[in-house]
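J.: As a plain string of letters, each chain reads:
2 protein chains.
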Amino acid sequence: MSRAAPDLPALGDLAESLSPGALLTEPDSLAAYRFDYTADAGAGMPLAVVRAGSAEDVQATVRWAGAHGTPVVPRGAGSGLSGGANAVDGCIVLSLERMRALEIDPTTRTAVVEPGALNAEVKRAAAQHGLWYPPDPSSFEICSIGGNVATNAGGLCCVKYGVTMDYVLGLDVVLADGTLVRLGGQRVKDSAGLSLVKLFVGSEGTLGIVTRATLRLVPAQTPPATLVATFDDVEAAARVVVAIGNRMRASMMELMDQASINAVEDHRSMGLDRTAGAMLLAQSDAPGGARGEEIAEMERVCSAGGARECFTTTDAEEGEMFVAARRSAIIAIERRGAIMLEDVGVPVPRLPELLTGIAAIARHREVEIPVVAHAGDGNTHPVVVHPPGDPDAKARAAQAFSEVMSLAISLGGTITGEHGVGRLKRAALPEQLGPDVMALTHRIKNALDPQGILNPGAAF
Amino acid sequence: MSRAAPDLPALGDLAESLSPGALLTEPDSLAAYRFDYTADAGAGMPLAVVRAGSAEDVQATVRWAGAHGTPVVPRGAGSGLSGGANAVDGCIVLSLERMRALEIDPTTRTAVVEPGALNAEVKRAAAQHGLWYPPDPSSFEICSIGGNVATNAGGLCCVKYGVTMDYVLGLDVVLADGTLVRLGGQRVKDSAGLSLVKLFVGSEGTLGIVTRATLRLVPAQTPPATLVATFDDVEAAARVVVAIGNRMRASMMELMDQASINAVEDHRSMGLDRTAGAMLLAQSDAPGGARGEEIAEMERVCSAGGARECFTTTDAEEGEMFVAARRSAIIAIERRGAIMLEDVGVPVPRLPELLTGIAAIARHREVEIPVVAHAGDGNTHPVVVHPPGDPDAKARAAQAFSEVMSLAISLGGTITGEHGVGRLKRAALPEQLGPDVMALTHRIKNALDPQGILNPGAAF
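Protein chains in written order, with my numbering: chain A, 1 to 460; chain B, 1001 to 1460.
Keep in mind that a hint or two might mislead.
Cβ pair distances, simulated, as ranges [claimed, not checked]: (1) B:Glu1320 / A:Gln399: 20 to 28 Å; (2) B:Pro1106 / A:Asn446: 38 to 46 Å; (3) B:Arg1100 / A:Ser406: 31 to 39 Å; (4) A:Gly289 / B:Glu1317: 34 to 42 Å; (5) A:Arg98 / B:Arg1335: 57 to 65 Å; (6) A:Gly69 / B:Gly1069: 35 to 43 Å; (7) A:Ala439 / B:Gly1069: 40 to 48 Å; (8) B:Ala1243 / A:Arg308: 45 to 53 Å.
The set of hints was computed from the structure by calculation and includes no laboratory data. Glycine included, every Cβ here is placed at the ideal spot set by N, Cα and C.
One chain only, chain A, in its complex shape (with noise of 0.2 Å):
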């Protein structure tokens, strides 16, 4: 992509149109604004950032960016997995990681928050009234509000407590013509005109830029019971994710997969089973006496599944050790070689297929993919690993990256159940959506950002 650059005596106009020291031209901020997570090496290289102080900087941004069309890059935290934050060329990164006030309302169970504060920060305010905002990807220590609602992020506790969109009541976005509207409120019920919260929310900055965000929150969670089981292979690992899933609503239901077991043991042994195909860690966080009975509960369904072993404790800072283990196994895997991470879903009872699809695909690329999932919801982290320095091998990666959202597609599935589509995988979406509903999504696009300005290549 490559756009004529507005001419100096503009930019200085935007700079004089913001707060001040909120506009970055000197190649070293260019240079680390450049990329996300992802850090892909097709991302472009932008004219300015714009470090916005208030919303008013960010109507400021993309007035400025409407009359000169100038693509504007939202940006939270940097930590997107998908690309969605990669700049293009001659475009303004837009970072929102200073507004980040903070304010909890314990009657009205909400927190208003611009969009950089971090999904960690939002949790430990709740947590001083008592409160609670569920929505916990990985990442949650160092990503911003901001990008899990472009991303509509999920984690560990969906599969019981929903994903990021279950949680805003409100929005404050700015349009691409620098229109900010005020979208729902600290009202929890709202069937009054078109669901636009909704809409904006998993928008990936492709509709406008949230610069405030009111978010339901619950009481603060009891500590959780949790049960660990091995399984001779995923098949029956899925089957009992199924039956549990009918009879309770366990907190979490996590699955990794014999590679990613044996990841997790080399990274730091805990003395897991290197010879099970598959490993449950699921919670329950049910209130009183009721959190012992589920995972006792959960404990008969496993072992009538074929369990191998199955342990449990009732102990919140044993369980928290497993669960430790579980968020640090991407962390292990990107020790085995250069990754690509996958975040594919598929309805729970076709895990087997997509699991036994992706060990297909592996053998048949010539690399690694261990498996971790938020089982519980059918979502997937298959990471594609292949020897660093190795363009063929990488080359093969990359089939096998498309392979598996192909796969996933096949089976009723999602190329994302959680990272957003980004630039990483948007040459996937139309697989995914079909044609009628990518002209669809275009028609709404088109209606609310006809310069096309808006995080551009993104998503769609």
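Dock chain B against the given chain A, drawing on the hints supplied.
T.: Frame of chain A, contents of chain B only:
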């Protein structure tokens, strides 16, 4: 509204493109499909009624309507409370009541449902597999899933389990040009592309016509324990609602004010305290022993919050008697005169201000406005009662109806929490949303339905 009616040969073309017997044009049929439950005297007269038997019938109707510039008013079970399915002159009323196929997939825990299936039918079919479809509008025995999706219907369990929006995983939608798009599916998490499923939920038939929905199911609810508490005034009751909500997730949290308590007692005495200013009805469906613990904790909060009396039971049948009394409140109030049913919502802590303000409006306009409320989510149903056949009283009731909506908006609330805007509240929507959000709404509407044939005059 008046439009030139297409001539009879054109209707003949429509009949030929539909399944046999789908087109009705007899005056009796037109009259029968003219109104939804609101029976608004301003409803128009349809040109014809199509009782669709399939998505193809829906497509044929919409295509024909597009070719002739004829409005299409989609209709489910006709139980709507906002006039969203009231005919406009010269329209086709497109009834989905015959499309009621319903399949439960226990492995994915989903129901795949045609729009005419009743909410209660989905609940019953799910129960046969030990599963539950939570959304429970009071009309659940007679309302259809299509109408529930169109209005983003709620109910009594929403305080813990959310609204229709939260259970819709996929939709087949016929767009204004007759294209059928398939959105979402049986996967639980999906961040691929725009949140189109959510956009259509609550759009009241203005963006497209739903021909199939994939609904998420959860494990069957455990039999609840119940608490009934009375208070001197609504302020005290509302403070207790906030306090309980900060401690636990009650599965029901309903409030009746003094006028509605008395209306219920007049209708069928249950021994309720006629002198109480407010009554709370709360339930816990926590698993196992936690149910009793939660109810005991609620009782402590009620006592500390100044409850006059507090009654609890773990007997589900005894609890159901109180729920039945609550559900009968609107029917009891209907016996007092002609009614206009509100559906306003506010942030929960603003409930006392809302209720005090409503009492002031009732005094000023010389009408009765008893209130029942889904207090846990701040969603209330004030019922404006006036003597039938008194035009002056009717005019005062209409003023009160409007003023209650304005009051809710001024408190950060909404004109409708779960019934939809329909035609009854359309005039109030701009006051809630403001000109910029109205403009955004129209941009999306125009992008999806440029001719404006889908349910014109509903919602916006």
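J.: Each of the hints needs a verdict: does it hold here or not?
T.: Outcome of the hint check:
The hinted range of 20 to 28 Å is not satisfied by glutamate 1320 of chain B and glutamine 399 of chain A, whose Cβ atoms lie roughly 59 Å apart. A hinted range of 38 to 46 Å for the beta carbons of proline 1106 of chain B and asparagine 446 of chain A is consistent with their spacing of about 42 Å. The supplied range of 31 to 39 Å is met by arginine 1100 of chain B and serine 406 of chain A, whose beta-carbon atoms lie about 35 Å from each other. Against the hinted window of 34 to 42 Å, the Cβ-Cβ separation of glycine 289 of chain A and glutamate 1317 of chain B comes to about 24 Å, which falls outside the hint.
With their beta carbons about 60 Å apart, arginine 98 of chain A and arginine 1335 of chain B fall inside the hinted range of 57 to 65 Å. Range check, glycine 69 of chain A to glycine 1069 of chain B: Cβ separation about 37 Å, and the 35 to 43 Å hint holds. Judged by the Cβ atoms, the range 40 to 48 Å given for alanine 439 of chain A and glycine 1069 of chain B is violated: they are separated by roughly 23 Å. Against the hinted window of 45 to 53 Å, the Cβ-Cβ separation of alanine 1243 of chain B and arginine 308 of chain A comes to about 47 Å, which satisfies the hint.
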